[in-house]
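Spelled out from the first residue to the last, the chains are:
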Amino acid sequence: MNLLSILSYPSILLGGIILFVSGLVFPLPGIFILRLHLIPLRFVMMHGALLGGALALWMGTNPLPLALGVNFLLVGILILWGGLMGQNSSSPLEGSKVTTFLMVSTVALAFLVIYKANVPAKDTLALLWGSIYALDSLDVWSFLGIVGCNTFYLLGWHREILAVLYDREIAQTSGVRTSFHGAIIVLLAGFTVSLSMRFLGALLVDAVVLLPALIGLSLGRSVRSSFRIASLSGGVAALLGYLVGILVDIPVSSSVTLCTVVLFGLSFGFRKIRAIRRNSE
Amino acid sequence: MEYTLTVRRNGEVLFQSGGKWLHPLLDLEEAIQRNGWNPADLDLEDKIVGKAAAFLIVRMGIPRVSAHLLSELAVEVFRRYGVCFRWNERIPRIACQTEQILANIDDPEEAALVILRRAGRDREIPLVVESLFVYRENRPILQNLTFAASRGDRVVIRGANGSGKSTLLRAILGLLPIEKGTILIQGKHTRDPEGIGYLAQGGGGIDLNISVEEAVEVGTIRYRCSQRERKERIQRALSITGMDTLRKRTLRSLSGGERRRTELSRLFAQEPAILLLDEPTTNLDPKAKQEVLEVLQRYAEDRKATIVMVSHEEIHFHLPGWRYRLLSHGRLYPEDSRTYESQWSRSSSTLDLAFPCRKES
Numbered sequence: 001m002n003l004l005s006i007l008s009y010p011s012i013l014l015g016g017i018i019l020f021v022s023g024l025v026f027p028l029p030g031i032f033i034l035r036l037h038l039i040p041l042r043f044v045m046m047h048g049a050l051l052g053g054a055l056a057l058w059m060g061t062n063p064l065p066l067a068l069g070v071n072f073l074l075v076g077i078l079i080l081w082g083g084l085m086g087q088n089s090s091s092p093l094e095g096s097k098v099t100t101f102l103m104v105s106t107v108a109l110a111f112l113v114i115y116k117a118n119v120p121a122k123d124t125l126a127l128l129w130g131s132i133y134a135l136d137s138l139d140v141w142s143f144l145g146i147v148g149c150n151t152f153y154l155l156g157w158h159r160e161i162l163a164v165l166y167d168r169e170i171a172q173t174s175g176v177r178t179s180f181h182g183a184i185i186v187l188l189a190g191f192t193v194s195l196s197m198r199f200l201g202a203l204l205v206d207a208v209v210l211l212p213a214l215i216g217l218s219l220g221r222s223v224r225s226s227f228r229i230a231s232l233s234g235g236v237a238a239l240l241g242y243l244v245g246i247l248v249d250i251p252v253s254s255s256v257t258l259c260t261v262v263l264f265g266l267s268f269g270f271r272k273i274r275a276i277r278r279n280s281e
Numbered sequence: 001m002e003y004t005l006t007v008r009r010n011g012e013v014l015f016q017s018g019g020k021w022l023h024p025l026l027d028l029e030e031a032i033q034r035n036g037w038n039p040a041d042l043d044l045e046d047k048i049v050g051k052a053a054a055f056l057i058v059r060m061g062i063p064r065v066s067a068h069l070l071s072e073l074a075v076e077v078f079r080r081y082g083v084c085f086r087w088n089e090r091i092p093r094i095a096c097q098t099e100q101i102l103a104n105i106d107d108p109e110e111a112a113l114v115i116l117r118r119a120g121r122d123r124e125i126p127l128v129v130e131s132l133f134v135y136r137e138n139r140p141i142l143q144n145l146t147f148a149a150s151r152g153d154r155v156v157i158r159g160a161n162g163s164g165k166s167t168l169l170r171a172i173l174g175l176l177p178i179e180k181g182t183i184l185i186q187g188k189h190t191r192d193p194e195g196i197g198y199l200a201q202g203g204g205g206i207d208l209n210i211s212v213e214e215a216v217e218v219g220t221i222r223y224r225c226s227q228r229e230r231k232e233r234i235q236r237a238l239s240i241t242g243m244d245t246l247r248k249r250t251l252r253s254l255s256g257g258e259r260r261r262t263e264l265s266r267l268f269a270q271e272p273a274i275l276l277l278d279e280p281t282t283n284l285d286p287k288a289k290q291e292v293l294e295v296l297q298r299y300a301e302d303r304k305a306t307i308v309m310v311s312h313e314e315i316h317f318h319l320p321g322w323r324y325r326l327l328s329h330g331r332l333y334p335e336d337s338r339t340y341e342s343q344w345s346r347s348s349s350t351l352d353l354a355f356p357c358r359k360e361s
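Going down the list, the sequences are from chains A and B.
Our numbering puts the first sequence at residues 1 to 281.
Our numbering puts the second sequence at residues 1 to 361.
Any given hint could turn out to be false.
Here are the simulated lysine to any residue pairs, SDA-like style, with alpha carbons at most 20 Å apart [unchecked claim]:
1) Lys248/B <-> Arg221/A
2) Lys248/B <-> Ala126/A
3) Lys231/B <-> Arg221/A
4) Lys248/B <-> Val98/A
5) Lys272/A <-> Ser253/B
6) Lys248/B <-> Gln227/B
7) Lys248/B <-> Arg278/A
8) Lys47/B <-> Thr4/B
9) Lys272/A <-> Asp207/B
10) Lys231/B <-> Lys272/A
Here are some chain B residues pointing at chain A (derived, C-beta under 10 Å) [stated by the list, open to error]:
11) Arg158
12) Gly159
13) Gly162
14) Ser163
15) Ile210
16) Glu217
17) Val218
18) Leu254
No lab work stands behind these hints, which were simulated from the structure alone.
Ideal Cβ positions, reconstructed from N, Cα and C, are used throughout, including at glycine.
Between the sequences and the hints, there should be enough to build the whole structure, so can you do that?
Okay, structure coming up:
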């Protein structure tokens, strides 16, 4: 089967488009996650998805709304408790306390549901693998929603975002409502990670969300160029990975991850060369 | 016209006023700020000096005073803050309502605030901190602190590490909760201090690839203006600090002094009425310190902005036209003028006083 005939399958083409757009857009909240030290949020969302999945299997419903619902609740608790970017986050330790508490309690609840309701643990964990070629209309609408929200927020509030990424206190004293933007950022980052897991699997979250963001942050010579590079490298890696996955017949999550890793390695080399040139000047 | 107040520098008359009550002293404070005179160089001659006048003189940092009529209450204030004084006649107290009101006040800042209010000049004060209490982890850091900074006022607050200098700035900015007290910014009770520019200790964004231009752009966020106006504002701010040629560079590629100048550009882009600076030259080499101070001094003189700087560095204690305050035990105190006593003996010979007077030994 050649590439064109494979692409003629609507589910595969749709999966490719969603993967490519994810590659372009999802690294943008990835920059928030890396810059604002929200990495624990990613793990909280994974645990939340596990609990949501267990509940969905128990209730025999679509796991996506329940996983999103649980994660929405967790993000709400994080914002209100001030664990990550909220008003009361006095130290990273405070944030760690809250995220650790939420992760432990969520996974405990998930296993309680799995044990008491006789939900197959393997099926629950399988939800974390994602399924880019088996998306229903709810998945697509959720995807379009999160892509739209991320794009709208970034374009509409780019100066405020710039200030928050620069320094939270300076942002606050420059007239930015940091609590509001902190909440929006945690919400967007949380939902992007949750949906990424559903579409792309837990493995691909790092490849699509975090690694391109890392490339952008290390190569960019300004915050805006960091966003542009992150988006571009995410899009390129997703497209290449998708095509390589089809052509070589390997799981798309693995091929996208490999392509991102190669790009990351190239960016690392490029940075080194740039530093050597600068020093020699 | 008969002058009640005369101020000289090395015998040359700089300021004279025939105004009533404490208005000549309040006008003098404005003249000092306007002209950038160093109060330590000034000799003041006043007709009547009571406790209120003494507090204003101490607050301005004038170290030598000659009074025709001097109250014992003023003498107490002068002795406490090491002001050298001469008098023609000493009386127990001035028969004046202000003197009565100030009878139980020991803090020159608190006294100044009372006087400014009685003079109807308090609306002109951009920054008022009154009876402020701030606690951190149940430990009092600021206790009953009162402080007022007028338009164009330049104040250096010094104090030991942990004395609460940064806490004071952060409380003013609304970054820390306050236990008790009032903070008025341009006459308004606010926890969103519009019109204040803040330079944090150490600065931010060092671990982020943010360009100089973007860092300065942060200072323009409050302004709803066109892209062209915003760019012009950024350009103006960069020109003041001489950073316009480095606008495309990242913050992390700059030297410490250049980073500080970028931070100052951000503040200037904000065009604030009040600048709060937390150790603005700390960790800089002497040349960079000098550059930053020159930029600040130039801005202060050109824009008449109110500047409050906290510092523990010696280099900040000899800036012309600045007032100095010591933060200790949670309160602000004027600097002790005793260091100027030796100057008194030298300059007293050049004084041409309008009345015969005695000098306290």
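Checked hints:
no. : hint                  : verdict
1   : Lys248/B <-> Arg221/A : 8 Å, holds
2   : Lys248/B <-> Ala126/A : 48 Å, violated
3   : Lys231/B <-> Arg221/A : 19 Å, holds
4   : Lys248/B <-> Val98/A  : 40 Å, violated
5   : Lys272/A <-> Ser253/B : 15 Å, holds
6   : Lys248/B <-> Gln227/B : 18 Å, holds
7   : Lys248/B <-> Arg278/A : 15 Å, holds
8   : Lys47/B <-> Thr4/B    : 5 Å, holds
9   : Lys272/A <-> Asp207/B : 17 Å, holds
10  : Lys231/B <-> Lys272/A : 33 Å, violated
11  : Arg158                : 23 Å, violated
12  : Gly159                : 21 Å, violated
13  : Gly162                : 18 Å, violated
14  : Ser163                : 20 Å, violated
15  : Ile210                : 5 Å, holds
16  : Glu217                : 6 Å, holds
17  : Val218                : 5 Å, holds
18  : Leu254                : 13 Å, violated
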